[in-house]
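Mapping of the sequence shown onto the working numbering: residues 1 to 542, in sequence order.
Keep in mind the hints are simulated off the structure, nothing from the lab.
Keep in mind that the hints are not guaranteed to be accurate.
Stated by the list, open to error - DEER-style ranges, computed between Cβ atoms:
#1 Thr216 - Leu296: 19 to 29 Å
#2 Val204 - Glu446: 44 to 54 Å
#3 Asp495 - Gly384: 33 to 43 Å
#4 Leu294 - Glu406: 47 to 57 Å
#5 Asp524 - Glu310: 54 to 64 Å
#6 Ile480 - Gln91: 55 to 65 Å
#7 Glu127 - Gln91: 12 to 22 Å
#8 Ser202 - Ala361: 45 to 55 Å
All values reported here derive from a predicted model rather than from experimental measurement.
Glycine residues also receive a C-beta, built at the ideal position from the N, C-alpha and C atoms.
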Amino acid sequence: MSLDQLKITELHTVGPGGPKRSIAVTIALFGASLICYLASPVAASAGAAAPPANDLCIDAQPIGQGIHAFTSIDAGTDGPTSSSCSTFGNQVTWNDVWFRYVVESDGILRVSTCNLIDFDSRIALYEGACSEESGEKGAGGSLVEIGCNDDAPGCAGYSSTVVIACTEGQSILVRIGGFADGATGSGSFELTVQPPCFEGCSEVNQLELEPCGMGTNDGCNTAAYSADADLSMFHEMLSIDVPLCGTWFCDGATRDTDWFMFSVPEPGAMMSVNLHTSDLVVGYLYLARTGCPLELIDYKYGECLTSIPEQWLIPGEYRAIVAPGFESIAQCGPGGTGGDYELLVSEREYDVPIPENDDCANATLVADGAHSFTNFYSTTDGPGQAPTECSEYGPIILADVWFAYEASCSGEVTASVCETANFDTRLEIWGGDCAGAMIACNDDGEGCEGYTSEVSFDATCGSTYLVRVAGYQGARGEGILSIDCAGACCPADFDGDGRVGGSDLAALLGGWNSSSPDLDLTGDGVANGADLAALLGGWGDC
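With these hints in hand, go ahead and build the complete structure from the sequences.
What follows is the structure in structure tokens.
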């Protein structure tokens, strides 16, 4: 039986302390069998890749503020194996490289690989001394972790940001590595020190009633909640335009959520919500309607100032909910860090008066073309329920304005706010006057962004139609209504067959000298020779 042997002399491995070692391997092939013989470790060959110069904690690279290029390729792991960054059961920052920074002024230290690297990173910060023995993962040293982050919110590729309070002269070791063994790469990180963005509440007129950490205003999250419970028991009432100073906590596994209720009176209001927090805490801010499960309107997250932009809220009860991110550490009581926040729900009076065409009886006269409008501060005088064919997503239609359109043709007329309104619209077409019947409607026009509307209907030249523009569930805003008639106008086409001919002449002669408005083409009050001349002048196809 023949024997083929292949000896590989540079199979590189990572030792427990980080430096690369080579192992001589002999692979013997006997038919379909494969046997490996591992020889004793041998010295790294001259061609083996060297680890980064700052691979070991004791070789940490001194740095200042700014952006610093680095690589963790071929780095070992020599830092502590326990960490506050415990994600998916893994606490180790693998394949690490080290830097040392001496703080130049009191403030907030931020170290970030966010969107600057090509691998899944972890960052840990330490005070103390490194172990003098490489390969022991920090054993024998006096390193104390003072900050850690695995995945930062809004950072692509699982990159990281860690933020701590720092003092002038403080010596900090920066450890950057990977989430998993072998997760290495290259890129840059940024180190900055800035003054704190939030140093506590000031000039507030309202205080959160819940003692920090007690969980009495946890809303739908409270253990005592049930479908039959009074929701107000698990919320605190919030005054509009009055800053509230609150407290929260988070230990990385359990966090406090604070739920506040506020009311928006008739006819609604332009509202915004702002949350001020410490640099050390990622604050989550939610705006929702009342009820459990939560009916969310909008949410944002961030550090320092987090804002839900101004938007129109219809009358009713709402919630503003705040919570620290699970990646944050927020502590209660004196000496705690990141445990305070300031919440403000603001109302802005809109500087547009009640629309003149708020009521059907005051509908604005319009022709073909574009017409600007607003339904801010409008009331509802049409039906509050849309018909079945226009209520796929609910029947509520509120805050309407009205237009009176005299058809310029006999044929298809299109009324549209498709992508020309900044709110969720509904359109209805009514025949005749305010006591007439609805003849067409639309909620969301095909291909129209922003849930805007477009509707077409058959019109008769000279007839008046009412166009009702309203908001889905009371949504409000501004926009432009466009009206276009695709046909032609033949006032002498009495029978509506699309042409002026003998039957129309017969109709006029049959009503000669009458006061019928349908036959009085010239508007002089009587069907006479002037109308006959107008009919003959339009003879033929419309």
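Falls inside 12 to 22 Å, the C-beta gap from Glu127 to Gln91?
holds (19 Å)
Given a hint of 54 to 64 Å, does the C-beta separation of Asp524 and Glu310 actually sit inside it?
Cβ of Asp524 to Cβ of Glu310: about 56 Å, so the range 54 to 64 Å holds.
Per the hint of 55 to 65 Å, is the separation of the Cβ atoms of Ile480 and Gln91 within bounds?
Between Ile480 and Gln91, where Cβ atoms are some 58 Å apart, the hint holds.
Beta-carbon spacing of Asp495 to Gly384 - inside the hinted bounds 33 to 43 Å or not
Given a distance of about 39 Å, which is inside 33 to 43 Å, the answer is holds.
For the hint 19 to 29 Å, verify it against the beta carbon of Thr216 and that of Leu296.
holds (23 Å)
Could you see if the CB distance from Leu294 to Glu406 stays within 47 to 57 Å?
holds (48 Å)
Between Ser202 and Ala361, does the C-beta distance stay in 45 to 55 Å?
Holds: the Cβ-Cβ distance is about 52 Å, inside 45 to 55 Å.
Kindly confirm whether 44 to 54 Å is satisfied by the beta carbon distance between Val204 and Glu446.
holds (50 Å)
The structure fails none of the hints (numbered hints given earlier).
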